[in-house]
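Chemist: Residue-level listing of the chains:
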Amino acid sequence: MSAARTSRVAAVSNEQLRPEREVRSIVDTVLRLAKSIGVAETEVHVDESISALTRFANNAIHQNVAEHTVNVSVRTSVDQRTARATTNRTDEDSLRAAIEASLSLAHSQPKDPNLLPMPGKQRYRGVNRFVKQTAALTPEDRARAVRRACDLAVKKGQTAAGILSSAQSQTAMGNSRGLFASYRDTHAVFSITMQEGGAASWAKKNAANVTDIDPQRLAQRASEKAHRATEARELAPGRYTVILEPAAVLDLVGFLFYDFAATALQDKRSCFNERMGKQVMGKNISIEDDVYHPLQLGAPYDGEGIPRQRVLLVDKGVPKNLVYSRASAKVAKKKPTGHGFMLPNEYGEAPMNLVFSGGKASLEEMVASTERGLLVTRLWYIREVDPYEKIMTGMTRDGLFLVEKGRVASAVRNFRFNQSILEMLRNVEMQGPAVRATGEEAFEMVVPAMKIRDFHFSEVTKF
Amino acid sequence: MWDLCTHSLETGKIRGASYADVRVMHLRQRDLTTKNGHVGTLAQSESIGLGIRVLANGAWGFASTDRLTREGVAACAAQAVSIAKASALAKREDVKMAPENAYVDSWQSPFRKDPFEIPLETQLELLLAADAEMRRVKGVTLTETDMQFRKIDSWFASSIGSRIHQRKVITGCGIVATSFQGDEIQKRSYPNSFGGQHALQGYELVESLDLLKHAPVIAEEAVALHSAEQCPQKTGTLILGGSQLGLQIHESVGHPIELDRVLGQEANFAGTSFLTLDQLNKLRYASDIVNVVADARLDHGQGLGTFAYDDEGVPAQCTDIIKAGQFRGYLSNRETAHLVGLDRSSGTMRTESWNRLPIIRMTNVSLLPGTWSFDDLIADTDDGILMETNRSWSIDDRRYQFQFSTEIGWEIKGGKRGRMLKNPSYSGITTEFWNSCDAICEREHWTLWGTPNCGKGQPMQTMGTGHGASPSRFRNVRIGAAFSKQ
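Line order of the protein sequences matches chains A and B. Using our numbering, read the first sequence as starting at 1 and increasing by one per residue. Using our numbering, read the second sequence as starting at 1001 and increasing by one per residue.
Same shape as in the complex, but just chain B (with noise of 0.2 Å):
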């Protein structure tokens, strides 16, 4: 691969390139699925190819070939060069990039058990034995499940000497109980919604999600819901459980701390940001208990958004964003970075395949942990709601506005967990809502939640994220506003 690397590199240079990198992936994935007791989707799937971007005349190209020989390498890099040059029709100034020194490293994520030699058998069988708990729940009227697993080796070169292998396993597994009654459609998944948990784990993470044991739960939950009060639409007090505040994270940190959409460079698909460059260490994004941090890496877990180097060649890292409430800092890549004061990236330019230009994304966006125990957060709470596993996300495209609904609440009252509360929802002002935080569990109650399916770009990508979160309490929420009437 190197060999090939190297040819695209000096091709590139060659045609004009001031600068190249260079990326070869092989992307191996299996799929399994099953619905009401029968396989669904049984696939798997390869892809290897290589991405080449440069820089000529000051302006970016980007191409991509699966054609691994010297001459299609070649041909690819040379296509890249000729984009290049006719990007330069219309730039503005040329890109500028921010130092970085060259790496040559391999590294592996790790896992105990390469999902790849469980037999098919045994995970289908699990799958099948859980979906079957679930229908043994009368009321039940649809059941699946799933398991998806990846296996990403990725070899990076870029023209100033790195040469950088790394390989990446990420597993991921879900299931879902549905019940169709009179006129409504209830649903409980475990232990996500979309898809189940996602790391990069192997299959060890299937292991200890312990699916037989919830399975049945669930299914109890999404027929009891038809059974359930209404959520009411009121201004309260909100808890949220920990997979649905690391969406919220998603949504209203990590989007909004993205440079390429704070300058603009989104504007036409995924949207800006409130979070223009004169807010940097002014703005008080939350209360003074919320410190968020955009990690990738190992250190802070075995997450989606973990890696040694991202796509550019630089090295995982772990930036503050948020600070005892205060707004410290954005993700930002070689061309952005000078742009807030950096001297070097951040290191997030992450890209979904070889045929992919990499771009900005989250790492692993996590709220830190906090001091409370659940009990007694609940038993502290004199009037709320508990709102747990997401079933639909909305926010503007400058990520001020936003509005989630969830699969299941409960009623606290009196310090107790009450009667359950069907159709959950809340809304809120992204600073508003993070400036009533008052209180965050602790690390025995944090996960580091996967999100495996942030789209971004164009052409579009699909890119798995990180999101740290334990239960944690908001006041003076709007609650129930996704079924207001008025």
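Excised from the complex, chain A in its bound form (with noise of 0.2 Å):
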């Protein structure tokens, strides 16, 4: 057992990451290996995690875990044949293990003629999202916010249930071209759903820094939320205009995101195809791919270790440009934009960090602005009813109010929306900024709340 690793158990409750040298070393050493035994080409990534999660229900903790992972990814190349294996052990008879499953897959396919070599040494754009009062976290301090959020749901009798987790992880990627990159960060999550007789609301934020969260201030909104969601009416389904707030809106645009792989367009499965260059949404919406936001999170190259680019995908409703791995540039004649997934795969490639232009409205002006419409906190269960029209269903959760002449009027009994993303976006009437948005259904956005035209709720549920 080396020095590193010892002293990594003395302090269980506060582990730290492997220095980027030892995970340097675990690179080179599966590069060594594999050249030893005459592979053409190796490549190997490297993803280590310390991660905690505190969840709570009923007003108190009922889960509590901890976790530290390791996995060793390696791909080798022969031949025009490429395959992967990873492993959970890093010594070097599982390294050797691993790269001669590798191998074996590889040999017992056909030949791929459009198999790339593997890219040369590249030069990155440094991000910092490594946070030390995150890593610091422990159990005590989580058990305490927690407690403190429960005794608010208990003095305003209703009822807590959430997490709160905080997570520290690296990644780091080499080839035998030369190729080497590497990247770490934190990330803390609070979310809290409040339960007042058979009314709920719900508060979420995501942040690589755990002090840009505040979860008593989240907890104060969710409860004052679910007060007013109590004694919700029914209203007929129809269609209504609806403001979205920032987690409705994500959870929905986020199931756009594949749309904009070039190789989703090569395989005709993207709403863009014939699309491309068309006034399909309004001309408002403006959207681009962009992992050095400063509120977005990431590594700044991809899965073959290209640099991430920012990328303007829509510009003023008009679908402008596509993400690109190198394997479906080649094929549409483009250049890489550094958003492939590791190799192999079938789905090439996928923008991951989405940003909306956004607005200047607050919420507050969208509500006052309103003669008649449905305030929505969340969205839910979200899938795919028609993948061209982009039609989706889903429902709305924790917190649906009926808006009348400019104030919130009530609470409602949630809807069922089929609803084309395209023809929403369309319709956008205002926007607030766009923020980090968080919620269940997409990974997280920088996108903003929405107030959005003859949005189509189709049934109602018994709550």
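Treat each hint with caution, since some may be false.
With a cut-off of at most 30 Å between alpha-carbon atoms, the simulated BS3-like pairs for lysine-lysine come out as follows [to be verified]:
{"no.": "1", "chain 1": "A", "residue 1": "Lys278", "chain 2": "B", "residue 2": "Lys1138"}
{"no.": "2", "chain 1": "A", "residue 1": "Lys333", "chain 2": "B", "residue 2": "Lys1138"}
{"no.": "3", "chain 1": "A", "residue 1": "Lys111", "chain 2": "B", "residue 2": "Lys1138"}
{"no.": "4", "chain 1": "A", "residue 1": "Lys462", "chain 2": "B", "residue 2": "Lys1234"}
{"no.": "5", "chain 1": "A", "residue 1": "Lys278", "chain 2": "B", "residue 2": "Lys1323"}
{"no.": "6", "chain 1": "B", "residue 1": "Lys1485", "chain 2": "A", "residue 2": "Lys462"}
{"no.": "7", "chain 1": "A", "residue 1": "Lys330", "chain 2": "B", "residue 2": "Lys1234"}
{"no.": "8", "chain 1": "A", "residue 1": "Lys278", "chain 2": "B", "residue 2": "Lys1422"}
{"no.": "9", "chain 1": "A", "residue 1": "Lys268", "chain 2": "B", "residue 2": "Lys1485"}
{"no.": "10", "chain 1": "A", "residue 1": "Lys405", "chain 2": "B", "residue 2": "Lys1485"}
{"no.": "11", "chain 1": "B", "residue 1": "Lys1323", "chain 2": "A", "residue 2": "Lys462"}
{"no.": "12", "chain 1": "B", "residue 1": "Lys1213", "chain 2": "A", "residue 2": "Lys268"}
{"no.": "13", "chain 1": "A", "residue 1": "Lys268", "chain 2": "B", "residue 2": "Lys1416"}
{"no.": "14", "chain 1": "A", "residue 1": "Lys462", "chain 2": "B", "residue 2": "Lys1282"}
{"no.": "15", "chain 1": "B", "residue 1": "Lys1213", "chain 2": "A", "residue 2": "Lys111"}
{"no.": "16", "chain 1": "B", "residue 1": "Lys1096", "chain 2": "A", "residue 2": "Lys155"}
{"no.": "17", "chain 1": "A", "residue 1": "Lys268", "chain 2": "A", "residue 2": "Lys316"}
{"no.": "18", "chain 1": "A", "residue 1": "Lys316", "chain 2": "B", "residue 2": "Lys1485"}
{"no.": "19", "chain 1": "B", "residue 1": "Lys1096", "chain 2": "A", "residue 2": "Lys156"}
{"no.": "20", "chain 1": "A", "residue 1": "Lys111", "chain 2": "B", "residue 2": "Lys1113"}
Derived by calculation from the structure, the hints in this document are not laboratory data.
Once you've looked at the hints, go ahead and assemble the two chains, each given alone in its own frame, into the complex.
Modeler: As structure tokens, then:
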């Protein structure tokens, strides 16, 4: 056992990631072992994560977990064939076994004439998303914050459920052509549902820096909305003006992300097939992919180690550009944009850091400007009904309110919607500033609150 | 492995745990896919580690490690106790567990052909051949195939003296043909969508599917859907194929009966349930021909919810969920059993991996076979729509209101299957829907379908569940709302 590993054992309550030199040493060991057995090309990814999550319900902690994982993933490429093998053991015998497993898989398939040689050394723009305060969060810190939120619930006669989690992770990759890249970040999440009688409301935030999250403020917000959500009345389904809070916007528009992949268009499964360059959304909608945005997280390189580029995907409602892996770029005679997944895969690439341009309106201004509409806290269980028109179905959840004459009038029973995202983005009347939003259906993006006309609710449920 | 298990349990006890259980798990997985005649994913992975759950100061803590040394597992156990003590800072009452016996046992799921021993060339050759059969059909624009194999060894030990080793072999396989024309994307899958069929079987499952026979059929259907009539919007008679009914059971029976949801433990994420505790033995869940069980025993079949012991060391059981239409039971664990008057867990604690806490999960939640032949069911239907193979699914967070769409539909008129319908969908309220069931096909048409991708818990865990179903008929169902404009 190495000295570094021994010290990790001692600090059980405050584990730390391996030093970068140790991670690089794993990468180098794999490349050396592969070279020694004559592998033509080798790529290795090392991913390490330390995470902890405190879960509460019924105003008490009921689950409380921690994990520390390392995965080493090896891709070999020989004679126009490639395959991947992954292990969570880092001793030399296990790494050698992973190389051999990858080789065995690679040899079993037909040659792929389109397989590209691995890329050489690249230059990366630095990003700093590792926050010591997040990494240092202890079980006691989490328990105390949860206790305060639960105490608020008890005081208000409500029931709280949610999570407070923290994580630190690092990833490094290298290949036999001299490429090396590494990245580390931290991540914290607080999510809370407050229930009062049959009503509930919800608030959630995530950030690299745990001090950017105020659990008690979120608990207070959820508590106030849960109280307002009691005595919900039933409205008839139909088309309504809606004001979607950022989490609701995120969980819907999040389903667009893969449609911007060049491979999705090449496979004719994107909603932008035959629609590139056309006015398919409103002129007030612009979308880019930007891993360097201050509210974004993620490594500045893709699964092959190509630097991620900022890409303008939709300009004033017109889909203008796609993202490309090296393979899809070659097919389209374009340059790769640094959005490829780890090879081999059949999906190619995707933008993982969407940023909407947004607007300047506040949620209060949207409400004040609405004669009759619905204020939506959150959406739930969203699934694709029609992949080309991008019709999605799902439910409202945890706080749906009727807005009348510029004011929030009453709570409303939850609706099912069947709504085309493309149509929705043609009907946006007002937007708030884009924020880092978090929901449960899509990964985090930077999106605004939106006021949208003619949003289609097809059925109503019983609460 | 047992030495590591014992050492971690002893460490937990020394550090203050009043109860502990530990799982060492070794997971091996192989994934193969093709797309448009080329190999897509070709990958293998393995992971081994230990997770320990402890009760200390009346509260839970869980920690996991991939460091399988005595020092590593001891540190992990100490961390779990430390976390449990932190949990106790925000507890309402001490955790109580239903009694359970200690078991020392070893079990392996039955299989005829180990998929990891079948040459990769053979597996890829079959997928590429099926892929080619689908591409032969004019109008098909995308073809995809996949196989997935898993071998999971788990060593469970607990402070009450259990020592249980289980080995499971799981196989999955499916093919998909997609066609883009005009302003529509249509697709057909076999034998099911979203990865095909998955079961606790070996490579014999793949061989039983006869992919090459079905590949051109689904490819032709995918293209034909473009010229099919749109599914009408109406209230009427619906016949569901077995795989779609399996998912209907999963969403509208399997999830609402999970006691952790009922008790509010999933309120922030997966949601709660309309099946509050006062409904047990009182609610008319379904019509009187409907019988649903949660059965993890091998006798029920080789499903994704089949095992000998759950991940809390409780033997596999069969629990009545709906009996002659009446609501009879929940899925419980040792912590929640007493809340529904049980003196023992129903054995449904399952974990995705060594680094995840076991939580209440569906096992094989199945609709028992009825008495109808499929031909008689069609012949007995004057006006209805047959829907097959799921395309989308959604249900509210208390599991009342649902909407499903399927890949293909068929009009039934005058007791005969008629024209093809595209974009079929149906929706309803769970109990109203199940009470409208008036015919269930017999065992000959019954399949134990596998749902390999059920997400639940935080951190998220993906689990495989089984759902036995045969084609069944439902009356007065709302049809076509997914494509309604008003």
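Chemist: It remains to establish, for every hint, whether it holds in the given structure.
Modeler: Hints and how they fare:
{"no.": "1", "hint": "A/Lys278 x B/Lys1138", "verdict": "holds (29 Å)"}
{"no.": "2", "hint": "A/Lys333 x B/Lys1138", "verdict": "holds (27 Å)"}
{"no.": "3", "hint": "A/Lys111 x B/Lys1138", "verdict": "holds (26 Å)"}
{"no.": "4", "hint": "A/Lys462 x B/Lys1234", "verdict": "holds (21 Å)"}
{"no.": "5", "hint": "A/Lys278 x B/Lys1323", "verdict": "violated (57 Å)"}
{"no.": "6", "hint": "B/Lys1485 x A/Lys462", "verdict": "holds (22 Å)"}
{"no.": "7", "hint": "A/Lys330 x B/Lys1234", "verdict": "violated (49 Å)"}
{"no.": "8", "hint": "A/Lys278 x B/Lys1422", "verdict": "holds (27 Å)"}
{"no.": "9", "hint": "A/Lys268 x B/Lys1485", "verdict": "holds (26 Å)"}
{"no.": "10", "hint": "A/Lys405 x B/Lys1485", "verdict": "holds (26 Å)"}
{"no.": "11", "hint": "B/Lys1323 x A/Lys462", "verdict": "holds (25 Å)"}
{"no.": "12", "hint": "B/Lys1213 x A/Lys268", "verdict": "holds (26 Å)"}
{"no.": "13", "hint": "A/Lys268 x B/Lys1416", "verdict": "violated (36 Å)"}
{"no.": "14", "hint": "A/Lys462 x B/Lys1282", "verdict": "holds (19 Å)"}
{"no.": "15", "hint": "B/Lys1213 x A/Lys111", "verdict": "holds (27 Å)"}
{"no.": "16", "hint": "B/Lys1096 x A/Lys155", "verdict": "holds (26 Å)"}
{"no.": "17", "hint": "A/Lys268 x A/Lys316", "verdict": "holds (24 Å)"}
{"no.": "18", "hint": "A/Lys316 x B/Lys1485", "verdict": "holds (27 Å)"}
{"no.": "19", "hint": "B/Lys1096 x A/Lys156", "verdict": "holds (28 Å)"}
{"no.": "20", "hint": "A/Lys111 x B/Lys1113", "verdict": "holds (28 Å)"}
Violated hints, listed in ascending order, are 5, 7 and 13; each of the other numbered hints is respected by the structure.
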